[in-house]
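> Going down the list, the protein sequences come from chains U and B.
Using the numbering used here, the letters of the first sequence correspond one by one to residues 445 to 765.
Using the numbering used here, the letters of the second sequence correspond one by one to residues 445 to 765.
You may find that some hints are simply not true.
Here are the computed distance ranges between Cβ atoms for each label pair [what the hints assert, rightly or not]:
#: 1; chain 1: B; residue 1: K512; chain 2: U; residue 2: S635; range: 51 to 59 Å
#: 2; chain 1: U; residue 1: R532; chain 2: B; residue 2: K474; range: 31 to 39 Å
#: 3; chain 1: B; residue 1: V582; chain 2: U; residue 2: D728; range: 38 to 46 Å
#: 4; chain 1: B; residue 1: S635; chain 2: U; residue 2: G628; range: 45 to 53 Å
#: 5; chain 1: U; residue 1: P538; chain 2: B; residue 2: D581; range: 31 to 39 Å
It is worth saying that the hints were derived from the structure and are not from the lab.
Quick reminder that beta carbons are idealized off the backbone N, C-alpha and C, glycines included.
Protein chains: 2
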Amino acid sequence: MTGKCGLAAILFLCASWASVGQQAPTPGSKTLQEVLGYPASARLLIIHADDLAMSHSVNRATFQALEKGWITSASILVPCPWFPEVARWAKQHPEADLGIHLALTSEWTDFRWGPVSGSEHVSSLVDGLGYLPSDVDVVVRNAEMADVEHELRAQVNRARSAGITITHLDMHMAGMVASPELFGVYRKLQSAYHLPILLERSGTHSPPKGASVPANDVLIDRAITMEPGVAEKDWLDWYRKQLAPLPPGVYQLIVHLAYDDEEMRGATWDHPDWGAAWRQRDFDMVKSDEFRRFLQEQGFVLVTWKKLAEAQALRDRQTLH
Amino acid sequence: MTGKCGLAAILFLCASWASVGQQAPTPGSKTLQEVLGYPASARLLIIHADDLAMSHSVNRATFQALEKGWITSASILVPCPWFPEVARWAKQHPEADLGIHLALTSEWTDFRWGPVSGSEHVSSLVDGLGYLPSDVDVVVRNAEMADVEHELRAQVNRARSAGITITHLDMHMAGMVASPELFGVYRKLQSAYHLPILLERSGTHSPPKGASVPANDVLIDRAITMEPGVAEKDWLDWYRKQLAPLPPGVYQLIVHLAYDDEEMRGATWDHPDWGAAWRQRDFDMVKSDEFRRFLQEQGFVLVTWKKLAEAQALRDRQTLH
Numbered sequence: 445m446t447g448k449c450g451l452a453a454i455l456f457l458c459a460s461w462a463s464v465g466q467q468a469p470t471p472g473s474k475t476l477q478e479v480l481g482y483p484a485s486a487r488l489l490i491i492h493a494d495d496l497a498m499s500h501s502v503n504r505a506t507f508q509a510l511e512k513g514w515i516t517s518a519s520i521l522v523p524c525p526w527f528p529e530v531a532r533w534a535k536q537h538p539e540a541d542l543g544i545h546l547a548l549t550s551e552w553t554d555f556r557w558g559p560v561s562g563s564e565h566v567s568s569l570v571d572g573l574g575y576l577p578s579d580v581d582v583v584v585r586n587a588e589m590a591d592v593e594h595e596l597r598a599q600v601n602r603a604r605s606a607g608i609t610i611t612h613l614d615m616h617m618a619g620m621v622a623s624p625e626l627f628g629v630y631r632k633l634q635s636a637y638h639l640p641i642l643l644e645r646s647g648t649h650s651p652p653k654g655a656s657v658p659a660n661d662v663l664i665d666r667a668i669t670m671e672p673g674v675a676e677k678d679w680l681d682w683y684r685k686q687l688a689p690l691p692p693g694v695y696q697l698i699v700h701l702a703y704d705d706e707e708m709r710g711a712t713w714d715h716p717d718w719g720a721a722w723r724q725r726d727f728d729m730v731k732s733d734e735f736r737r738f739l740q741e742q743g744f745v746l747v748t749w750k751k752l753a754e755a756q757a758l759r760d761r762q763t764l765h
Numbered sequence: 445m446t447g448k449c450g451l452a453a454i455l456f457l458c459a460s461w462a463s464v465g466q467q468a469p470t471p472g473s474k475t476l477q478e479v480l481g482y483p484a485s486a487r488l489l490i491i492h493a494d495d496l497a498m499s500h501s502v503n504r505a506t507f508q509a510l511e512k513g514w515i516t517s518a519s520i521l522v523p524c525p526w527f528p529e530v531a532r533w534a535k536q537h538p539e540a541d542l543g544i545h546l547a548l549t550s551e552w553t554d555f556r557w558g559p560v561s562g563s564e565h566v567s568s569l570v571d572g573l574g575y576l577p578s579d580v581d582v583v584v585r586n587a588e589m590a591d592v593e594h595e596l597r598a599q600v601n602r603a604r605s606a607g608i609t610i611t612h613l614d615m616h617m618a619g620m621v622a623s624p625e626l627f628g629v630y631r632k633l634q635s636a637y638h639l640p641i642l643l644e645r646s647g648t649h650s651p652p653k654g655a656s657v658p659a660n661d662v663l664i665d666r667a668i669t670m671e672p673g674v675a676e677k678d679w680l681d682w683y684r685k686q687l688a689p690l691p692p693g694v695y696q697l698i699v700h701l702a703y704d705d706e707e708m709r710g711a712t713w714d715h716p717d718w719g720a721a722w723r724q725r726d727f728d729m730v731k732s733d734e735f736r737r738f739l740q741e742q743g744f745v746l747v748t749w750k751k752l753a754e755a756q757a758l759r760d761r762q763t764l765h
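Make a model of the complete structure from these sequences and hints.
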């Protein structure tokens, strides 16, 4: 399987570099797998839960999944009301791999949040009531980049002030790759905070058209995240079908965890996509013996963003010498 | 009973006017009960739920209590995440009696909120993480009145922009009577928005020492609100003992409604006073046949803030002529 997968991987990666205009890696440089001491044929996988801090229901499910090792990483919606619960938990779990889920949108109907820096300070980021808008399209149309940078720094800084060790930055609703300008701020934050950012070679979380990114800064070959339309009975199968054929490389499986409880149903009642039942299904899946056995049989190596950042630093050093 | 109660009422009211330096009412002017067409011996009662919008659990319980007539009024914590749910419900229930629960504090540990106008805009109102502080004492020490007025206007304005018809203003954790300066802002908002404000003749919600208030502006003779220390088995009895001996007058019973569910336990886990179980007990009480029968037997006349405002306007007009 190794040889075949290796060739497939090369074709897959070359195709996607071309598609997003990323700069090719230095010839002969090691893959992240190799830098971390795994064979070139290894498939590294981050299992990542989004939207931590959104609600108590999300927190309960995600904390449990992190503590049990069902997932390896999560990222935090800092403007949300349950952020202090995350900060307290993080202090009790300093080894937890936590990133910032940079947020410029607030997508529910009955339950919303505004910018951390304040609606009056970043007026191009808010709707008439002072909340972040529901759609990324509105952000692309209205947001001034000075406001975006100011607010996102405020989100990262609040998490740092609360004592959270941040391992990576990623983005709510793929907002930071929705335009070249937003992507520019994402890259700026990456270097300002010396943190890896979620970018995949192609797909929802890849750089916008025309953006030029050093290949070494794109750590994820593919982010696997379910889109609407999968029936409940096909849930586990869908994930298996995405993961099984992957060639050697570095992957992130993005899940959305919560309990299907009153709080979560209240927040998502008119929005079944990524809603309460969806999140309960993801939670049931990551903790199921069946899924965990599947990962083991497939030989996936579970990793964290912290590990990837170490590998990136090592590789950058090797490239320099 | 009427004569005795009438005398008791006069003594009770005179004593409390003296204690807070309120200006005596115009001699011969009618009581609010009389202005509203009730006999002078009537006891009017607002049953009022605080903290609407705080959580989905609070909203569910409070909406049900308002719809069923178990309570007659409620006030909204505008900075809280579930405010949009309240705004949507209010549109469907335009007759609902809703006030603004002016908030300068955010008292829970794992679940907090910041100012509506933004932590950077009203920096004297927030802690190191940008949230409103836990205690009123901190507000009294640090808050600049320009920030207080700016933020509280932003809270009222957000509710108005969301289409809510506001019937009154009151205050979270009795913050607006915690200092003469804060009280000054409360009075300013009262006249700016032409809304009645919660003030009682003596007690937690009475004007601060030395403040001079026209007696006609103090609409509530006494606000009854449970303080910590009542055992679960004595819950209903405590309320009965407070209400039964009241002389004729205008009263507000303040309750805190929610379900004792995961969300509410998560928010209040280290804070049993006014916590999840407390709120479930208040909810169970207001909806119980026993309590409702008690109110009826006692002859309390249930009223709203809207009704009181009408009575106040009528009385003011009569006083002028």
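> Which numbered hints turn out to be false for this structure?
Those not satisfied come down to hint 2.
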